[in-house]
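Undergrad: Chain by chain, the residues run as shown.
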Amino acid sequence: MTTSPLITQTIRPWANREPCCKTQLPHITTTNLSVSYNGKLAIDHVNLPINRGCITTIIGPSGCGKSTFLSCLNRMTDLATHCKVSGSIAFNDTDITNPKINLIALRRQIGMNFQRPNPPPLSIQKNLTFPLKQHGIKRKADRVAKAQTILRRVGLWDEVKDRLQTPALRLSGGQQQRLCIARALVLSPEVLLLDEPCSALDPIASGVVEDLITSLRGQYTVVVVTHNLAQARRIADNVAMFWMLGQAGTIIEHSPVAPMFESPQNEITAAYLRGERG
Amino acid sequence: MTNWTNRIATVLMWFTALLVTSVFLWIITDLLRQGITHLSWEFLVTAPSDAGRSGGIGPILISTLLILGVCLLTSVPIGVPTAILLAEFSRKGHWFGRLIRSSLDVLAGVPSIVFGLFGNAFFCFYLGMGFSILSGGLTLSCMVLPLLIRSTEEGLRSVPDDYRQAATALGLSDAATLWRIILPAATPGLIVGLILSISRALAETAALLFTSGYADRMPQSLMDSGRSLSIHIYDLAMNVPGGEAQAYATAMVLIALLLIINVATSWASTRWLHGRISL
Amino acid sequence: MSRLPSDTPLKWGLRIIAAIAGTIVLLIVLFLVIEAIPALQTVGLKRFFTDPSWHPAGGTEAGTFNLIPMLVGTILVTAGAILIAAPLGIASALFCQYYAPLRLGKLYRHLIELLAGIPSVVYGFWGLVVLAPLIRQWQPPGQSLLTAILILALMILPTVMLLSESTLRSVSHSYIQAANALGLSRWAIIQSVVLPTARGGIITAVLLGAGRAVGETMAVLMVAGNVVQMPDNLFAPVRTITANIALELGYAMDHHRSALFVTGLMLMAIIVMLVGFAHWINKGHVYD
Amino acid sequence: MSKKMTYIALLQLTIISISMILSGCDKHENAKASEIPQLQGKLILTGSSTVAPLANEIAKRFEAQHPGVRIDVQTGGSSRGIADSRRGTADIGMASRALKSSESDLTAHTIAMDGVGMILHQDNPIKSLTDKQILDIYTGKITHWSKLGGTDNPITVINKAEGRATLEVFLHYFKIKNENIKPSIIIGENQQAIRTVAGDPNAIGYVSIGTADYEASHGIPIRLLPINGIKATVANVRKGVFPMSRPLNLVTHGKISPLAAAFIAFASSSQINDLVEAQYFVPIAQ
Chain A
401 MTTSPLITQT IRPWANREPC CKTQLPHITT TNLSVSYNGK LAIDHVNLPI NRGCITTIIG
461 PSGCGKSTFL SCLNRMTDLA THCKVSGSIA FNDTDITNPK INLIALRRQI GMNFQRPNPP
521 PLSIQKNLTF PLKQHGIKRK ADRVAKAQTI LRRVGLWDEV KDRLQTPALR LSGGQQQRLC
581 IARALVLSPE VLLLDEPCSA LDPIASGVVE DLITSLRGQY TVVVVTHNLA QARRIADNVA
641 MFWMLGQAGT IIEHSPVAPM FESPQNEITA AYLRGERG
Chain B
6 MTNWTNRIAT VLMWFTALLV TSVFLWIITD LLRQGITHLS WEFLVTAPSD AGRSGGIGPI
66 LISTLLILGV CLLTSVPIGV PTAILLAEFS RKGHWFGRLI RSSLDVLAGV PSIVFGLFGN
126 AFFCFYLGMG FSILSGGLTL SCMVLPLLIR STEEGLRSVP DDYRQAATAL GLSDAATLWR
186 IILPAATPGL IVGLILSISR ALAETAALLF TSGYADRMPQ SLMDSGRSLS IHIYDLAMNV
246 PGGEAQAYAT AMVLIALLLI INVATSWAST RWLHGRISL
Chain C
23 MSRLPSDTPL KWGLRIIAAI AGTIVLLIVL FLVIEAIPAL QTVGLKRFFT DPSWHPAGGT
83 EAGTFNLIPM LVGTILVTAG AILIAAPLGI ASALFCQYYA PLRLGKLYRH LIELLAGIPS
143 VVYGFWGLVV LAPLIRQWQP PGQSLLTAIL ILALMILPTV MLLSESTLRS VSHSYIQAAN
203 ALGLSRWAII QSVVLPTARG GIITAVLLGA GRAVGETMAV LMVAGNVVQM PDNLFAPVRT
263 ITANIALELG YAMDHHRSAL FVTGLMLMAI IVMLVGFAHW INKGHVYD
Chain D
435 MSKKMTYIAL LQLTIISISM ILSGCDKHEN AKASEIPQLQ GKLILTGSST VAPLANEIAK
495 RFEAQHPGVR IDVQTGGSSR GIADSRRGTA DIGMASRALK SSESDLTAHT IAMDGVGMIL
555 HQDNPIKSLT DKQILDIYTG KITHWSKLGG TDNPITVINK AEGRATLEVF LHYFKIKNEN
615 IKPSIIIGEN QQAIRTVAGD PNAIGYVSIG TADYEASHGI PIRLLPINGI KATVANVRKG
675 VFPMSRPLNL VTHGKISPLA AAFIAFASSS QINDLVEAQY FVPIAQ
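Chains as they are written, first to last, in the numbering used here: chain A, 401 to 678; chain B, 6 to 284; chain C, 23 to 310; chain D, 435 to 720.
No lab work stands behind these hints: they were computed from the structure.
Remember, predicted model here, so these are calculated numbers, not experimental data.
Check each hint, because a few of them may be wrong.
Some chain C residues judged to face chain B by a derived CB distance under 10 Å, without partners named [claimed, not checked]:
| hint | residue |
| --- | --- |
| 1 | LYS33 |
| 2 | ILE39 |
| 3 | LEU48 |
| 4 | VAL51 |
| 5 | LEU54 |
| 6 | GLU57 |
| 7 | LEU124 |
| 8 | LEU126 |
| 9 | ILE134 |
| 10 | TYR145 |
| 11 | GLY146 |
| 12 | VAL151 |
| 13 | MET252 |
| 14 | ALA265 |
| 15 | PHE283 |
| 16 | LEU289 |
Below, simulated DSSO-like cross-link-like pairs (lysine-lysine); rule was C-alpha separation at most 27 Å, straight line [what the hints assert, rightly or not]:
| hint | chain 1 | residue 1 | chain 2 | residue 2 |
| --- | --- | --- | --- | --- |
| 17 | D | LYS566 | D | LYS494 |
| 18 | D | LYS616 | D | LYS494 |
| 19 | A | LYS538 | A | LYS526 |
| 20 | D | LYS494 | D | LYS476 |
| 21 | D | LYS611 | D | LYS665 |
| 22 | D | LYS609 | D | LYS566 |
| 23 | C | LYS128 | A | LYS484 |
| 24 | D | LYS609 | D | LYS673 |
| 25 | C | LYS33 | B | LYS97 |
| 26 | D | LYS534 | D | LYS609 |
| 27 | D | LYS611 | C | LYS68 |
| 28 | D | LYS616 | C | LYS68 |
We put the CB at the ideal spot given by N, CA and C, even for glycine.
Bound conformation, chain A alone (with noise of 0.2 Å):
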């Protein structure tokens, strides 16, 4: 699984900068993980590594488990109630799907977002700074700190930095779906799972979030589950394609973004990306 420099380039414009992922060493890995609700099976087998340092984005038709898997990933499905998951995930070589893992620290280096942003009403600054007063950082002046940097990071600072006592439910979406990815960063985590970031918002506004996501590469593992083929196109270096095989979802192709979306190798792929099936 190489990435040809040569393709990256023509469809990213971005690309003459140096590739961030280059090293393709698994961050993630799942193992045959199934996971069923009360004895349904929603996905079977999925088998992915995660590269570390990667954009990996899923794509597949609604309600073929893309979410669910993206919700294993920081086990969130222990949430759900009757929900039961088998095979492994291992992540910087632990199993996490061990029963005994500590759950705070795991959701701590994997962060998650929503479909929908979802700042509680809180004021902006409030929003950034109860995660790191709950994970210990005492002083409130460094956990303001923080904060400012954090903002800065996903270039919200311009746009908020005179109301930060202000609430967050006010802030227009996007805004607010950067907010939530900046709450998820402010902790330092590993790996971002990001669950159509853009979906609930308008084209302008999800193309500053696009630019929020790229710019991530490099310095985390960011996993993006997405309907939008052409927004997968634009910012994977991997992708994954999730279909119902049976009663159950499963991954039925992976690869680099170029191969995937020039040559698909399956072709219930090939048709889903030409638009024929979905």
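Given the coordinates of chain A, work out where chains B, C and D should sit on it, guided by the hints.
TA: Leaving out everything else, chains B, C and D in the frame of chain A:
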């Protein structure tokens, strides 16, 4: 460190639940154990004698039901139309609706003893009804009105606008829409309101002390004084040495009555409403 | 909602009835004022706060009308009950929503609902025959500020718990999901997301509990001992304004009766303030 | 069989009450329908909780003799009895004390005598108290039974709420003002004092001797103390030697109806002496 706080919080939550449960189980088992021994059919139908130490609560049950009857017969005809006006005919923010709502908000907060003062001054003396079932029932009626209006209004509001549009499209008049479509659909709210009102009225003591009076005899008319179950409990507990056993039994009857009304009405409403909603 | 103009008689009928419902509060205030006027005229409002004691049966001149001990009694009993019931009630609501397994949470809720339905006179009766004697063995006379606080706390706990719980239920699930994804512990989520989000509703719940405590009459009358005095400790008997009305109205005449209506007006004022405050916090409607 | 009877009774009562609701509440209807012209209608008595049980018994007997008459007895204290009769809310007021000079517009009809006695719990070792000691207890100078030779427990002083006749009799006898009393518990109704003393071995209170005697003889653990060396008994009240005693009065204002007059005449006659004695009061009619 955070883990440690989290663990303490968890322990405290479970401890709170355990504490609250055990205190309340204490009360309930105490009431049950002491009350059940005295309970019998005889107790329910005979008149109290020897200041309530022996005999039963027959006339008191009748007085209670009469007070309740007066209360509902007067509060429903005022409460339901008011709720209809507030939910269906008053534009949001209109001064009239707002005024009535704030007035009802205050009414909902008025302490029951103040209702007692008012009932005593207005119904008993000013209107000359004296200490009577009528005075007591009317006083309670003022008291339950906000509850009744609020839940009926909620019920009306929960009727989807589609129904109204469909009715308008059919060319039904407002009155017909209201009568045929909206009211049947809003009945669950009305019934919840009725249950809440009955429960509150049954439980009330302070407002009745100075309006319906104390007499523990069988009432002959609504102008007679009648003692409600709650006042009987109060009297037995406070003024009758050796009245505890009967007080316990009366408390059991009152609580059982409250429970039965709750359960029966909700059962009946689901049953009956199924028939009405599938119009 | 669009309305047709054709049914104006119906509308006017409804309006008239609604006006009647809206006038009841005014009628209550009117009659409280009418009955209170004799006392306000002959005794004067000032003496309700400056007289040496409360012995209103002596006549307008010889009698004394100091309300302050009863006002303090009401405030102490309410404050004490809130101090106990608010933490327990809120914790109970949190337990139901976030700690208890589904079935247990439901069971617990049903128990609290059952308790909310027990009439105050039954709580008072239980306090009189079970709790007061227990406290008497510890510190006589048993009917005391503490007994009243405990019984009232039991009575308003269901109010606080049920209202808080319904607020908690309306806290968006996505906030909790997000906080979970941030790796926060259960308590951390409650503390930093749930409680700030539900704050308005919880404050309203506590205020309504306070309103109920201020207005509660029978239970307090039965367990507080009813001595008009500034209590110097938790075991001293107190009389609240509500208990005073219940205790004396039946036996009061002329200016004494009128003075009791003055206290009733004061109760109304306290309640209007509480309702107004709850309104202001919640910007919504406050009912039971 | 008795179950069946009560069931039928209940059924009848329900029907009666429902029909009452339906037919409105005109209390005079019955009176018009009846053929016997004399003594019809309804009397309302309100007032002293001491007099009320006796008045109730008298009323029942009177009703039995005059089927068209209904008499409602409401308690509410002597002051209310006086106020209600003055205001006309009640046809007849009940007062367990003599009328004051300010009440000369009213007429009192004494139907019996009663004494007010001090009560203690049965387990209290104290056998007697002097007037001075009682005064000291009530004014807070003595707060422990040990000072009086009793157990080492604080005294629970029970006083009555404003407006009660018993309070007035007590204050009058001991010549103190209510302001100077230092109570532990304030109670309302007459019976509540007995109930409280029965439940608290360290309590002291004052109640009508008649009621206390009745309760004590029915197994309630209370004991009456002698006053000034005179035993608190019904006999001593009858002889007129018991110091804290009072008349039980029916009070009327202005011109009264023939029915009220007939009832008062009946209540003042010797026909009810057995009822007075059954309530442990002292009859005065010869």
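Undergrad: For each hint, tell me whether it holds in the structure or not.
TA: Here is what the structure says about each hint:
Because the closest C-beta pair between LYS33(C) and chain B is about 6 Å apart, less than 10 Å, the hint holds. Because the closest C-beta pair between ILE39(C) and chain B is about 4 Å apart, less than 10 Å, the hint holds. Restraint check, LEU48(C) versus chain B: the minimum CB separation of about 7 Å is within 10 Å; hint holds. Taking 10 Å as the C-beta cut-off, the interface hint given for VAL51(C) holds, the closest approach to chain B being about 9 Å.
Hint status for LEU54(C) relative to chain B: holds, with the closest Cβ pair at about 6 Å, below 10 Å. Look at GLU57(C): its Cβ gets to within about 5 Å of chain B, closer than 10 Å, so that hint holds up. Evaluation of the LEU124(C) hint against chain B yields a violated restraint, the C-beta minimum of about 14 Å exceeding 10 Å. Residue-level restraint check for LEU126(C) holds (minimum Cβ-Cβ distance to chain B is 8 Å; threshold 10 Å).
With a least beta-carbon distance of about 8 Å to chain B, the hint placing ILE134(C) at the interface is held under the 10 Å criterion. The beta carbon of TYR145(C) comes within 8 Å of a beta carbon in chain B, closer than 10 Å, and the hint placing it at the interface holds. Interface restraint check for GLY146(C): the shortest CB-CB distance to chain B comes to about 7 Å, inside 10 Å, so the restraint holds. Annotation: VAL151(C) was flagged as interfacial toward chain B, and the flag holds, the nearest CB pair being 6 Å apart, inside 10 Å.
With its C-beta approaching chain B no nearer than about 22 Å, MET252(C) sits outside the 10 Å limit, and its interface hint is violated. Of the supplied interface hints, the one on ALA265(C) holds, with its beta-carbon coming within about 9 Å of a beta-carbon of chain B, less than 10 Å. For PHE283(C), the interface hint holds, since its Cβ comes within 10 Å of a Cβ in chain B; the closest pair sits about 6 Å apart. Taken as an interface hint, LEU289(C) checks out: its beta carbon lies about 5 Å from the nearest beta carbon of chain B, inside 10 Å.
With a C-alpha separation of about 43 Å, the suggested pairing of LYS566(D) with LYS494(D) is violated against the 27 Å cut-off. Among the hinted pairs, LYS616(D) with LYS494(D) is inconsistent with the structure: their alpha-carbon atoms are about 41 Å apart, more than 27 Å. The suggested pairing of LYS538(A) with LYS526(A) holds, with an alpha-carbon distance near 14 Å, which does not exceed 27 Å. For the hint pairing LYS494(D) with LYS476(D), the CA-to-CA distance comes to about 13 Å; that is within 27 Å, so the pair holds.
Only pairs whose Cα atoms come within 27 Å are accepted, and LYS611(D) paired with LYS665(D) is accepted, the gap being roughly 25 Å. With a CA separation close to 11 Å, the supplied pair LYS609(D) and LYS566(D) stays within the 27 Å bound. Annotation: proposed proximity of LYS128(C) to LYS484(A) holds, straight-line Cα distance about 24 Å (limit 27 Å). Pair hint LYS609(D) plus LYS673(D) holds up; C-alpha atoms about 23 Å apart against a cutoff of 27 Å.
Under the criterion of a C-alpha separation no larger than 27 Å, the hint pairing LYS33(C) with LYS97(B) is consistent with the structure, at around 16 Å. The straight-line distance between the Cα atoms of LYS534(D) and LYS609(D) is roughly 16 Å, inside the 27 Å bound, and the hint therefore holds. For the hint pairing LYS611(D) with LYS68(C), the CA-to-CA distance comes to about 23 Å; that is within 27 Å, so the pair holds. With a CA separation close to 25 Å, the supplied pair LYS616(D) and LYS68(C) stays within the 27 Å bound.
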